[in-house]
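**Q** Single-letter residue listing:
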Amino acid sequence: MTEIKNEQTKDLTPSRGLIGRAKAVDRIWTVVFYLVALFFLLLLFAFAGYVIIKGFAGATPEMFRFDRNGIGNYFFNTIYLVFLSLLISVPIGVMGGIYMAEYAKDNAFTKFLRIAIETLSSLPSIVVGLFGYLIFLVATHSQPSLLAGSICVAILSLPLMTTTTEDALRSLPPSYKLGSLGMGATLRQTIQSVLIPACVPRIITGVILAAGRGFGEAAALLYTSGSDTNIKWNPHAWINPSLNPFNPLRRGGTLSLKTWSSFTASVGAEDVANLSAAILMILVLSFSLLAHYLEGRIRKKMGDTK
Amino acid sequence: MYSRGKEKTWKFFVMFCGLLMIALPIAIGVFLAIKGNALFYHYHHTLWEFLFTTTWKLKDDLTGGGQGGAAVFIVGSLIVCGLALLIAVPFSLAAAIFMTEIAPKTGNRILRPAVEIFVGIPSVVYGWIGMTVLVPALQSLFHLKTGRSVLAGGIVLAIMIFPSITTVAADAIRAVPVSARMAAYGLGATRWQVIHQIVMPAAKTSVLTGVILGLARAFGEALAVAMVIGKTPAFPKGIFGQTATMTTVIASRMAELMEGSEAKAGLWTIAFVLYLISLLFIFLIHLIAAKGAKKES
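In order, the protein sequences belong to chains R and C. Note that the working numbering gives residue 1244 to position 57 of the first sequence, counting from 1, and the numbers run on in steps of one. Note that the working numbering gives residue 425 to position 251 of the second sequence, counting from 1, and the numbers run on in steps of one.
Don't read these hints as lab results, they were simulated from the structure. If you're wondering where the values come from, they're calculated on a predicted model, not measured in any experiment. Don't take each hint at face value.
[What the hints assert, rightly or not] Calculated pairs, BS3-like style, for lysine-lysine (alpha carbon to alpha carbon, straight line, at most 25 Å):
#1 R:K1298 with C:K468
#2 C:K279 with R:K1210
#3 R:K1292 with C:K279
#4 C:K180 with R:K1298
#5 C:K469 with C:K378
#6 R:K1364 with C:K180
#7 C:K378 with C:K468
#8 R:K1487 with C:K279
#9 C:K378 with R:K1488
#10 R:K1292 with C:K405
#11 R:K1292 with R:K1364
#12 R:K1298 with C:K465
#13 C:K185 with R:K1364
#14 R:K1364 with C:K465
#15 C:K468 with R:K1292
#16 R:K1298 with C:K469
#17 C:K405 with C:K319
#18 C:K279 with C:K378
#19 C:K319 with R:K1292
[Unchecked claim] Here are some of the chain R residues that sit facing chain C, going by a computed Cβ distance under 7 Å:
#20 D1213
#21 L1229
#22 I1285
#23 A1288
#24 K1292
#25 A1303
#26 L1307
#27 L1310
#28 F1318
#29 G1403
#30 W1425
#31 S1429
#32 S1443
#33 Y1480
[To be verified] Counterexamples of contact, computed for chain C against chain R with all Cβ distances above 12 Å:
#34 P264
#35 A357
#36 K465
A virtual CB, placed ideally from N, CA and C, is assigned to each residue, including glycine.
Isolated chain R (complex conformation) (with noise of 0.2 Å):
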């Protein structure tokens, strides 16, 4: 077979020189992608592997400590302080994805609306660290908080949070909302009963992203959490309620500003901005693994059922 091919190949083409050039371009184009493909296999596999293995290395038990000295503090309010701030942008975000998926009309109104939400999750995470300096500490004079960082990250996930359920809410099949609302439901009925659990999955999806780059972030915490932290776990303490580690008001330094401070402060601090390095690493590793993992699973079911 494959000799008649050639000869019909000889037979056709006269200029066996160029197609002879094209196929050794292709070939080494070929090999180009290939490398590029590997080289940020190995980048990314040699960053973490160094990130996590660097941190651990360098690692005394008194740093996983949550005291004065250690880090655990810090490890808690990074969890917290995601909390808090999925607490304010997942029913916000949600509702906003609702309204974008079931009442906005097609008009410039609606328009206007998306590129609003583009613009917010576009804009630079320390941009939106000002605007919360400005008002939660500027305007009302009061100190860095808790809460004042996690509202800042709420509003960088906030556009996560809408996009995510608005695109589930549009990928449900169309008979979900059409048999409820012939049955007599409310169209709130139907949202609140029918299509939000079913989206559910996905929409944790969503959380599970927003929750790790929350971890993260650190431009928009730098003015408005503090950057240090001293509570206390004996409840004795907690008279003075800037040390009650549950008190949203009081000032929380998260991992990813200890990793930054290190950055301006004395030398020393090295060793425990390697294992902030590595605890956030293995966080966000953890939990866009997870994500990607959900998605995964969520787009088999949903090929298993067509």
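Following the hints, put chain C in place on chain R, whose structure we already have.
**A** Same frame as chain R, but now just chain C:
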């Protein structure tokens, strides 16, 4: 249970959350504009001085009278982001092509998740590794006094924006109709010829959108750049020189300045410029999309 009150409150809340999305970006812009305006109205600097002169010596008190030339920061941002684009775009396009045209299976199963993980890595981690690994490496490699340089900033930013550009570019390439590829292959084109002459030209406008998104991310990145670029507020002397950008000056100076002072007003003005630039990027993306749609129809 049906009740009219419930329906009304529900609709009110949904509308309210939708409107909040409009209110937030506008509020952010208005507040920054009001604060930033103080530099011009209260301290009587001119827009010309702010944009085109290079001495940034504003006074940290309420009397004013300093010099407020932000050209260094604006040019610094442009240079560092331009350099980042130069490094990132070729790699991003190659990775996107690999994911879609060369090895879609491995691409989708391994490279795509890897790229998505890259997006999520916090900027301070990039900055920290840039500062502890890249900066010393550049220093010994090129025998510099310090590795903190425009080049270091460009490399760190390039790694940060590479995933954003790759994802958008890959989607754009995937959207090119299969029939276009098949027609070219049917005429006897090699894979590279199809990529080079059919797929990439067809995906051009959407790829450009991805590049602009990456540029927007680079412009707004503050901490990672601040950690590797040094603090010299002057034009960089080559790519090994140091400079400051709009974001780094805000990140490093904002906290130490007095509220209401001339110097702080200057920083608010820079923040407002950052806001305007991200609006400009959104505008550009829509302009390109509109042009692309026009061409198609």
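**Q** Starting from the hint list further up, note which numbers the structure goes against and sort them upward.
**A** 3, 4, 9, 10, 14, 19, 21, 23, 24, 30, 31, 33, 34
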